[in-house]
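Q: Residues per chain, in single letters:
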Amino acid sequence: MTLHPTDRAIVEATQAGLPLVPAPFEAVADRLGISETELLDRLDRLKKQGVIRRIGAAPNHYKLGLVSNGMTVWDVEDAVVDQLGEIVGALPYVTHSYRRPRALPEWPYNLFAMVHGQNRDEVLEKQKEIAAILGTACRANDILYSTRILKKTGLRLRRKDG
Amino acid sequence: MTSDLTQLDRDLINRLQEDLPLTNRPFAEIGAEFGVSEQDVIERIKQLKADGILTRFGPFFDAKELGGAFCLCAMAVPKKRFDEVLTQVNAHAEVAHNYERTHRLNMWFVLATESEAGIADTAEAIERETGLNVLLFPKEREFFIGFKVAA
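In order, the protein sequences belong to chains A and B.
With the numbering used here as the guide, the letters of the first sequence map in order to residues 1 to 162.
With the numbering used here as the guide, the letters of the second sequence map in order to residues 1001 to 1151.
Bear in mind the hints are in silico, worked out from the structure with no lab data behind them.
Any given hint might turn out to be false.
[Stated by the list, open to error] EDC-like cross-link-like pairs, simulated, lysine to aspartate or glutamate; straight-line CA separation at most 16 Å:
no.	chain 1	residue 1	chain 2	residue 2
1	A	48	B	1004
2	A	63	B	1004
3	A	47	B	1004
4	B	1139	A	86
5	A	151	B	1100
6	A	48	B	1100
[Stated by the list, open to error] A few chain A residues that don't get close to chain B, going by computed Cβ distances all over 12 Å:
no.	residue
7	6
8	18
9	22
10	33
11	56
12	77
13	121
14	125
15	128
16	129
17	132
18	139
19	147
[To be verified] Sample of chain B residues facing chain A (criterion: CB under 7 Å; computed from the structure):
no.	residue
20	1024
21	1025
22	1057
Ideal Cβ positions, reconstructed from N, Cα and C, are used throughout, including at glycine.
I would like the entire structure built from these sequences, with the hints used as guidance.
A: Here is the structure:
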């Protein structure tokens, strides 16, 4: 999809964050040379379109003591994976959950759920809870812990030239 | 760590993982929810950011909706070759995140490219350079986007 030039300018102006001032949207609108009403309308539309997921804050899991994260992966029957995925994704300790293709024979898993906890025992407890929810629809599962961040580049919208 | 957080900090961290109201004075509205002033809310957010407890405050965009393609990829890298392969993989600007994980598939990275074709091209280039398979795990469906880390 192609963004309207004004929407693109909004993305570029806000992707590093909103100013922490009493009227943050007014400040951004001023910078862009549009009215605050137009900015709020456009933000509202971008949210409805799914371009903006939400406007808020991202906490640092590690600083909140959630130092253990496990990527739990599950081989769930195709007929019920979406229905069960919605339930797993809504669990309070699951931050991301996706259906992805299997890569047989090496990788039989089609449901991924990222679980955060204060330690590996807690992550394992949560893995058990998910296993109970999936029940017999799940044929196999595994858990992969991240041991090292090898690269982390923030996703940034590139400036369009010309 | 968490022990230094006040109840207001915890309330704000939890509340700010939901949506900010699209109004002229959003912090005043959030303050009203917790019985504190607009200025208190702004100051606490500034402090939580300065302490690294909040990493970012603002709109979160769906990268795919902005245009471009994304794909989770995994490789089984022999231990002896890990550093060498890591250098080859990370040299690609398209590799956005890369994590070492506890599995035979021990290198997991996200490719971010301008187009779908760019994903296949980059994965093939990595396979050529490393002589190792790159498994592609594109997102087929995302379940309930929650950013719910209870503080």
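Q: List in ascending order the numbers of the hints, as given earlier, that are violated by the structure.
A: The structure conflicts with hints 1, 3, 6, 8, 9, 11 and 19, although it agrees with all the remaining ones.
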